[in-house]
Amino acid sequence: MGSGITMSQRLITSFSDGDAIAFNACEEIEGDYCRFLQKSLNKPVLLAGPVTTPKPQSSEDESGWGVWLDKFAPKAVIFCAFGSEVVLEKDQFEQLGVGSAATDTQTPSGRVFRHALRVRVDVGGVDVVPLPGPLGDQGVQARLLSGVLKVGVEVVKGDEDGLFTKEGVHEAIMAAMTKETQIAKQIRENHDRLKGLLLSEGFLNSYFDTFVHNLQTLLP
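For the sequence shown, our numbering gives the first residue as 16, with consecutive numbering after it.
Check the hints yourself; a few may be wrong.
[What the hints assert, rightly or not] Once the Cα atoms are required to be at most 25 angstroms apart in a straight line, the calculated SDA-like pairs of lysine to any residue come out as:
id	residue 1	residue 2
1	194	205
2	58	222
3	54	32
4	165	218
5	172	48
6	54	28
7	54	35
8	165	197
9	54	26
10	172	107
11	58	235
Because the hints were derived from the structure by calculation, they are not lab data.
Between the sequences and the hints, there should be enough to build the whole structure, so can you do that?
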């Protein structure tokens, strides 16, 4: 079932034929986009809350990340989040590596996080440098993080070839990690605000309870 149907066709059919649309999202982050969809499609858009991990009940670091991070000075580590499907071409990987190395920071290998916002919430103190890949939603996510939420600096890519350079990587990292810049100050302030919101007591449960209630109102 569904063979021969592209992902775009599948989404369009689901959006047009369904009674409602549900997202793992929240008003505080994706609200404008969800309201636009609701108005455009003329059907309810239900929000189940963001995908975040619960606030740790203890300070114990079972993952071992704390021990590893303690080996470096503050603001000296870059997390590269490529997702689960993006594979960089050799040239682009080299551009990323050279651009990162030029900042005198260190990029851990073999450690991949899927969502940039989750990196901040889980680890704390991590600056976000969105580098959109070739998948359809990554450009949107990069613009959301850098342009709307202002929790990161997007790496500039070529208008014609869609490629980034080591200079672009270096500039974005330095803008996000240099404490004295206005951009860095704004990013840290927005980080703290969103972290406080997403980890606040009852935030996720409230969204899910409302989501269930809204589903029930759709039943005949």
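Each hint, compared with the structure:
{"no.": "1", "hint": "194 - 205", "verdict": "14 angstroms, holds"}
{"no.": "2", "hint": "58 - 222", "verdict": "19 angstroms, holds"}
{"no.": "3", "hint": "54 - 32", "verdict": "16 angstroms, holds"}
{"no.": "4", "hint": "165 - 218", "verdict": "21 angstroms, holds"}
{"no.": "5", "hint": "172 - 48", "verdict": "24 angstroms, holds"}
{"no.": "6", "hint": "54 - 28", "verdict": "17 angstroms, holds"}
{"no.": "7", "hint": "54 - 35", "verdict": "12 angstroms, holds"}
{"no.": "8", "hint": "165 - 197", "verdict": "12 angstroms, holds"}
{"no.": "9", "hint": "54 - 26", "verdict": "17 angstroms, holds"}
{"no.": "10", "hint": "172 - 107", "verdict": "11 angstroms, holds"}
{"no.": "11", "hint": "58 - 235", "verdict": "16 angstroms, holds"}
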